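Peer 1: In order, the protein sequences belong to chains F and S.
Counting in our numbering, the first sequence tops out at residue 261, every number present.
Counting in our numbering, the second sequence tops out at residue 351, every number present.
Misleading hints may appear alongside valid ones.
[Said to hold, decoys possible] Computed footprint of chain S on chain F; a stretch qualifies when at least three of its residues, placed anywhere within it, have a C-beta under 8 Å from a C-beta of chain S:
1. 76-90
2. 228-236
[Said to hold, decoys possible] Only pairs whose alpha carbons sit at most 25 Å apart, straight line, appear in this in silico DSS-like list of lysine-lysine:
3. Lys77/F - Lys113/F
4. Lys111/F - Lys252/S
5. Lys113/F - Lys73/F
6. Lys186/F - Lys251/F
7. Lys58/S - Lys73/F
8. Lys69/F - Lys252/S
9. Lys65/F - Lys7/F
10. Lys16/F - Lys77/F
11. Lys70/S - Lys58/S
12. Lys252/S - Lys77/F
13. Lys186/F - Lys73/F
14. Lys65/F - Lys77/F
15. Lys77/F - Lys186/F
16. Lys113/F - Lys69/F
17. Lys111/F - Lys73/F
18. Lys111/F - Lys125/F
19. Lys58/S - Lys113/F
20. Lys252/S - Lys65/F
Don't read these hints as lab results, they were simulated from the structure.
These figures come from a predicted structure and were not determined experimentally.
Where is the CB? At the ideal position from N, CA and C, for every residue including glycine.
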Amino acid sequence: MIYDVRKLQFAYPGGKNIINDASFTLDEGEILNILGPNGAGKSTLFNCLANIRRPGSGQILLNGKPMEKMSVKEVAKVIGYVQQTHVAVFDYTVIYFVMMGRAASVGMFSKPKEEDRRIAMDALKTLGIDHLAERPYTAISGGERQMALIARALTQQPRAILLDEPTSHLDFGRSTLILELVRELKSRGYSVIMTTHDPNHAMLLGGKAALLDRQGILHVGPAEEVVTEENLRPLYRSELHIVDIPQLGRKACLSAGLKAI
Amino acid sequence: MRLAEQSLPAGSTRAGRTPISAWIAGLTAALILIVLVCLCLGQYSMSVGETLHIMTAKAAGAEPDWKPMKENIIFFLRLPRIISAGLVGASLALSGSVYQGIFRNPLVSPDLLGVSSGACVGAALSILLNWDPVTTQFMAFGCGLLAVGLTLTIPRLLGSTSNIMLVLSGVIVSGLMGSFLGMIKYVADPKSQLQAITFWQMGSFASVRYPDILSVLLPMVIGFVVLLALSWWIDVLSMGETEAKLLGANFKPIRNAAVICASLLTASSVCMCGTISWVGLVIPHFARMLVGSHGTRYMPVSCLLGACFMIIVDTTARNISGMEVPISILTSLIGAPFYIALMRRRRGELQ
Numbered sequence: 001m002i003y004d005v006r007k008l009q010f011a012y013p014g015g016k017n018i019i020n021d022a023s024f025t026l027d028e029g030e031i032l033n034i035l036g037p038n039g040a041g042k043s044t045l046f047n048c049l050a051n052i053r054r055p056g057s058g059q060i061l062l063n064g065k066p067m068e069k070m071s072v073k074e075v076a077k078v079i080g081y082v083q084q085t086h087v088a089v090f091d092y093t094v095i096y097f098v099m100m101g102r103a104a105s106v107g108m109f110s111k112p113k114e115e116d117r118r119i120a121m122d123a124l125k126t127l128g129i130d131h132l133a134e135r136p137y138t139a140i141s142g143g144e145r146q147m148a149l150i151a152r153a154l155t156q157q158p159r160a161i162l163l164d165e166p167t168s169h170l171d172f173g174r175s176t177l178i179l180e181l182v183r184e185l186k187s188r189g190y191s192v193i194m195t196t197h198d199p200n201h202a203m204l205l206g207g208k209a210a211l212l213d214r215q216g217i218l219h220v221g222p223a224e225e226v227v228t229e230e231n232l233r234p235l236y237r238s239e240l241h242i243v244d245i246p247q248l249g250r251k252a253c254l255s256a257g258l259k260a261i
Numbered sequence: 001m002r003l004a005e006q007s008l009p010a011g012s013t014r015a016g017r018t019p020i021s022a023w024i025a026g027l028t029a030a031l032i033l034i035v036l037v038c039l040c041l042g043q044y045s046m047s048v049g050e051t052l053h054i055m056t057a058k059a060a061g062a063e064p065d066w067k068p069m070k071e072n073i074i075f076f077l078r079l080p081r082i083i084s085a086g087l088v089g090a091s092l093a094l095s096g097s098v099y100q101g102i103f104r105n106p107l108v109s110p111d112l113l114g115v116s117s118g119a120c121v122g123a124a125l126s127i128l129l130n131w132d133p134v135t136t137q138f139m140a141f142g143c144g145l146l147a148v149g150l151t152l153t154i155p156r157l158l159g160s161t162s163n164i165m166l167v168l169s170g171v172i173v174s175g176l177m178g179s180f181l182g183m184i185k186y187v188a189d190p191k192s193q194l195q196a197i198t199f200w201q202m203g204s205f206a207s208v209r210y211p212d213i214l215s216v217l218l219p220m221v222i223g224f225v226v227l228l229a230l231s232w233w234i235d236v237l238s239m240g241e242t243e244a245k246l247l248g249a250n251f252k253p254i255r256n257a258a259v260i261c262a263s264l265l266t267a268s269s270v271c272m273c274g275t276i277s278w279v280g281l282v283i284p285h286f287a288r289m290l291v292g293s294h295g296t297r298y299m300p301v302s303c304l305l306g307a308c309f310m311i312i313v314d315t316t317a318r319n320i321s322g323m324e325v326p327i328s329i330l331t332s333l334i335g336a337p338f339y340i341a342l343m344r345r346r347r348g349e350l351q
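Isolated chain F (complex conformation) (with noise of 0.2 Å):
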């Protein structure tokens, strides 16, 4: 079991929980889908997961040891986080921005080897994004710096992987091929969760869905039955409807419309 997350708290400083009760296990291999409306504290939770925030109370056991008893070594080789916006300041080439997933296993004074170029290059093949290995990070498209904050993950070589938002800066048909690649992810045994606003992405995933609703609790199960309208029209306040698209063969999530004027 990669993640067992047993009743996680979290509230800021002064402020009331934002997170009650959070508890899901993650399989090697599964994919977890958090949705919840803005505000609700997904990305709290998420920061949670990552070990970017430590919760009030409650306990992560990340591959059966307690992530706050772990180094940021130990837990950068289980978790490759990818956040949704990375700012670059200075023009490193794709290759070496990549090659900083190496950090966890580069020694104090040292640099990466040969080995870990090679590591971080398969990671680029693996993105189909090897070519742009010389170019400088700052010059790449929006959706190619995406596949490199990917590959910088998986160069971590670790055993989840961590998707903020994956789709959020990126047009209709390549949030398509990000869940096609979270796929491909789950398909290699990495454990993956990702938060997402649209429905339709833990639908078109399956494995767990996760609803995060507006007292801080989190609804988990298989997508299938976590993702209906009783559950997600009151979680968005939405007259939203789960209609089945013969053409398709498959369900999608669509609104109800626009309110008449």
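Chain F is already provided as a structure; the job is to place chain S on it using the hints.
Peer 2: Relative to chain F, chain S alone:
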């Protein structure tokens, strides 16, 4: 998987494919040449051949067939100046590079955290109290490090040690030191002390002798060795604190080690020759322009370029007129237009 769009045909990458060893070898050769030429230049000028002859013969222990004055000029006037100028140039350029990486800001210079202003206060206080020059150096070094220590302590007391707190704390400490310096200048004797303080603030290698170099050699060597060894890690730190940690870097220990070593370098420089502006800001840019932004490439290049630049500037300072020109006047005169040219080149990237 073919997920990324086909991008433009691979253009020339600025990082360049020239191996870094070639750059280092070339720049080292340039440095040696510059040292040799600058040894010959001065009020009493000599030919390169003569200088070379004296140096090699002296090294071989041969009987002198030259005027002792020439030997004195080379070994006791010009060589210590050139060595110290080279060390200072390399130090300031390297600590500037390191600060720019850690604080993710290409506009940062080594005095960001108050080391120079602290050193100024120490030196000015010593001049005010009529202490001897050795004590003045010691005071500059000590107060420079003390100021950085204070900068590092304030965020700790406030319970938040993020980079932005550190930078703000640096602003506070620099401001505080500025007012101390103002007070010292206000009470200083305008005829002798005030002039000495002002001259010290503008930097000069005129009075540097071998013992001065020896006394700061150890902290300088420590600074160079540690920072060059950390060059890749400083690039990892330039990803920002959260990201660096997620990648598995121990952010704060590395940052603090780098800040302390960069401060050692700057404090050592300042106590040898006073404060020198612009070098730590401009040279790292120039190095990045030549060999790309990878720390493992541009940091050593930055050191060599800084050394070359400073030796040339100091030689200019002692030759341009009958009297010594303070170094900072020249570095600012050269640095400012150079910086404008750099900004023009990179105007698209800097927003």
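Peer 1: All hints, please: hold or fail.
Peer 2: Taking the hints in turn, this is what the structure says about them:
1. 76-90: This one holds; 9 residues, not fewer than the three required, reach chain S with a Cβ under 8 Å.
2. 228-236: violated (count 0)
3. Lys77/F - Lys113/F: Roughly 17 Å separates the two Cα atoms, so the pair holds.
4. Lys111/F - Lys252/S: 18 Å, holds
5. Lys113/F - Lys73/F: With a Cα-Cα distance of about 18 Å, the restraint between lysine 113/F and lysine 73/F holds, given a limit of 25 Å.
6. Lys186/F - Lys251/F: 22 Å, holds
7. Lys58/S - Lys73/F: 55 Å, violated
8. Lys69/F - Lys252/S: 18 Å, holds
9. Lys65/F - Lys7/F: 16 Å, holds
10. Lys16/F - Lys77/F: 33 Å, violated
11. Lys70/S - Lys58/S: Holds. Lysine 70/S to lysine 58/S sits at ~12 Å (cutoff 25 Å).
12. Lys252/S - Lys77/F: 19 Å, holds
13. Lys186/F - Lys73/F: 23 Å, holds
14. Lys65/F - Lys77/F: Holds: lysine 65/F and lysine 77/F sit about 13 Å apart, inside 25 Å.
15. Lys77/F - Lys186/F: Satisfied, since the Cα-Cα distance of roughly 17 Å is no more than 25 Å.
16. Lys113/F - Lys69/F: Given that 25 Å is the threshold and the Cα spacing comes to 29 Å, the pair is violated.
17. Lys111/F - Lys73/F: Holds, at about 16 Å.
18. Lys111/F - Lys125/F: 22 Å, holds
19. Lys58/S - Lys113/F: 44 Å, violated
20. Lys252/S - Lys65/F: Holds: lysine 252/S and lysine 65/F sit about 24 Å apart, inside 25 Å.
Taken one by one, the earlier hints fail for this structure at numbers 2, 7, 10, 16 and 19, listed in ascending order.
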